[in-house]
Amino acid sequence: MPIWRLKYLPKTLDEIWGRKSLISRLKDFIEKKNLPHLLFIGSEGIGKTTIAKLFAKEFLNSYFNANFKLIYADIPLTQEERSLAKSEAYISTSKIGSMAGRKITTPAFIQVKVKPFVQLKVIGDIPFKILVVKNFEALGSNQQGFRRLMEIYGSNCRMILITTKISGIIDPIVSRCQLFLIPQIDFNSFNKLFLKISSNENVEIEKDVIKTLYKITDGRISKAIDLVQICDKSDGIINLNTLFESLKKFKIEEIEKLILASFKGDFIKARNLFRNILSIYKYNINDFFQKILEVINKLPLSKYAKIKLINLIAEADFRALDGRDVDIQISSLISKISIFGENM
Amino acid sequence: MNEKDKFKIPWVEKYRPKSIKEMAIPSAKVKGQKVNLAEELIEFIKIFFNDIEKINRFNQEIRVFNRNAQEKEQKKEKNLPQEKAAVLLEGQPGIGKTSIVYAIANDLNMEVIETNASDTRTRDTLEAKLKESSKSKGIMDFISESKKKLILIDEIDGIYGTKDRGAVPTILELIKSTQFPIIMCANEYKTSLQSLYNAIPRYEVNPLSKSEILKIINKIIEREQIESISQEDLELIMGKNEGDLRGLINDLQALSQITDENPIERNKIILSLHRDTTKEIFGIIRDLFQTVNTLNEARDLTNKSDVDYNFLYKWINENLPSFIQNKNDLTNAFENLAIADQIFGRINKNMQWSLLPYFYDLFAGGVALPGIENRSKGFKTVSFPRYSSSTSYSFNISEKSLIQKIQAKYPLSEIEVFRDFIPFLRIFISISRRNLKIVSDWLELDAKEKKLLK
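Protein sequence lines, in the order shown, are assigned to chains G and E. Quick note: the first sequence, position 213, residue 213 per the numbering used here, numbers continuous. Counting the second sequence from 1 gives a position; the numbering used here is that position plus 1000.
Heads up, some of the hints might be wrong.
Only pairs whose alpha carbons sit at most 27 Å apart, straight line, appear in this in silico DSSO-like list of lysine-lysine [said to hold, decoys possible]: (1) G:K53 / E:K1400; (2) G:K53 / G:K115; (3) E:K1349 / G:K251; (4) G:K303 / G:K223; (5) G:K223 / E:K1450; (6) E:K1349 / G:K223; (7) G:K282 / E:K1349; (8) G:K7 / E:K1454.
What the hints contain is simulated information worked out from the structure, not anything from laboratory work.
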């Protein structure tokens, strides 16, 4: 396994670094062979999905493959899946009431991705199957369809919902789940992990480096391991200098180039740059603006200038929410930045 | 026919060939091989009726058998294979796709049931129109020996997502159960119709050659006794239409009604005979940025054109920076275009059509007028809006296979692979050649996939 982050990916619940109390709570469920619907909350890259998966694996044991499904709420349906969804159904006319004979529509997402799995009976000697929904908040209004599913098929399938923003989840869903705040890995465990890596891979990692790593990655283990792996190890030692060298490599230079080109007023170049960035990194529009914000925060600009730029980006992001063509909104932003750059 | 009536019937209808004998048959290709389109279609129809008869007889026997058999022993009825039930003709507008179908139907004494883009083709309407006629014979058919039917689904690429919801599956179903041969026509390749394209044979129809077109045009000129058209005029409209015979005939008819003697005026009129082509868009874009002086002119320009504004404003977006170079003007123009886009989005989302007037003025006038003072008069190339913002979420073939190879080793979603893991791999590989080898051995990459990581 050449990639370290995969090599040190935990394979069982016990191997998960830190977070002891959380793991023991989860193990309780496994022992009792019962669990409620769960809601995992925690910041990005912290290991929520890994924990959910490992938990499901140990809970379902040898029946894991047939009874587990992981879906991403933020990935739109493909054309094929969309055509699969029968978007129209009728309420039986035999039912008396104002709804009789009316059309009802089930959201395509739930129809295609969720329903077939939760409706299917459990296979094997386990109480129920497990469905993990990642980035649940991205479901938006489809969450309403989910709450009934959780009740109707709850006995057949338990769900683990994963989110970074609990504010994006509607109350009825939250009330149906047991909440789990997934904490950051604590520094001690983080330290231990990197000492282990250091001895396994035959590189010395200085204590400062581990401390700094913990700080700059916010305890995101995979990111920290990535950083260490690309460090220059020819000396057999990783110090702060080599760490900063490798940190530089992670910068997305194109975004800096994009901002520079916009400041200079080279519109055509800037436009080609952002189109390139979007197609290489597959950012959605909001992520893209976030990246620009990050870079602008680090630029040596006056407070006034930064606020002005943030104002412009916010405006563009806001409009892109409504608009049809992202390209236009970004182009407009670039042209505004170029004017701003001229007046500075 | 008196002088007035002469112009009443469109010549396109008047001179639509009644038989393939009097028609210039466009050449066609299927799977890269040149074929005679008329022969192929006639062959297709004959084979169809032959096969469907056999299958019907077979199914009848099965039905008789099933009536007496136990549920377990019941046999399934057969269907005609899809590729024998329908064909697709693909080619640019006005080269005779529809005409050849009508001519053949006429020759074979068949009745054509047509649906085209002017009909809304939702599931319900398509079913109502086609399914019944495709399945069963009408009551009248039992009384008199009826004409056989031919189903023509014209302008199939005009089927749009939301408006014609469910049309494609309905057509596919129709193909399975039809009792009559189906011919479909399309202008361009569309990914939303992919499932259809896969199921049935596809004929690429080429435009007629210049000499053939000239023959037809001369015949019409002779019959209509047009004297006012010079050879230059003819060249001009022929060049403009590029093999679009229908457009050419329409132009010819329009031209024959012009009595203006001034040659420059005539040319202007000829060139203003609009048709929905890329060339027209080129003209609109140039006019918008280089000649329009008032809001009304801008409004007129966009109103008159047949080009879908959904489409046009993407062209404007693409070409704005090359026509407006002053930074301030550019910013103002983009500001207006951005608001127009936002409004358009709201209209689409919430059906607030009352906002449409703002959209109209902002995306055309709002874009053209800010740069009016610093306008450059020179010739500018108009570029095609190749970039579409929706492509950012789709993957090409080598990207897809790369993702799948990574996912086999490391279970992440497609987007996570792209945003999180591939950037790391790129950096990792850039460090040394050895790393490249390690990664490509680990994931078993081919050259194209390796290139993606560089």
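Structure-based check of each hint:
1. Among the hinted pairs, G:K53 with E:K1400 is consistent with the structure: their alpha-carbon atoms are about 24 Å apart, no more than 27 Å.
2. Between the alpha carbons of G:K53 and G:K115 the distance comes to roughly 20 Å, so the proposed pair stays at or under 27 Å and holds.
3. The straight-line distance between the Cα atoms of E:K1349 and G:K251 is roughly 37 Å, outside the 27 Å bound, and the hint therefore fails.
4. For the hint pairing G:K303 with G:K223, the CA-to-CA distance comes to about 30 Å; that exceeds 27 Å, so the pair is violated.
5. Distance check on the hinted pair: G:K223 and E:K1450 sit about 23 Å apart at the alpha-carbon level, within 27 Å; holds.
6. Of the pairs offered as hints, the one joining E:K1349 and G:K223 is violated, with about 39 Å between alpha carbons and a cut-off of 27 Å exceeded.
7. Between G:K282 and E:K1349 the alpha-carbon distance is near 24 Å, which keeps this suggested pair within the 27 Å criterion.
8. Proposed proximity of G:K7 and E:K1454 is supported: the alpha carbons are some 23 Å apart, at most 27 Å.
In the structure shown, a violation is registered for the earlier hints numbered 3, 4, 6, in ascending order.
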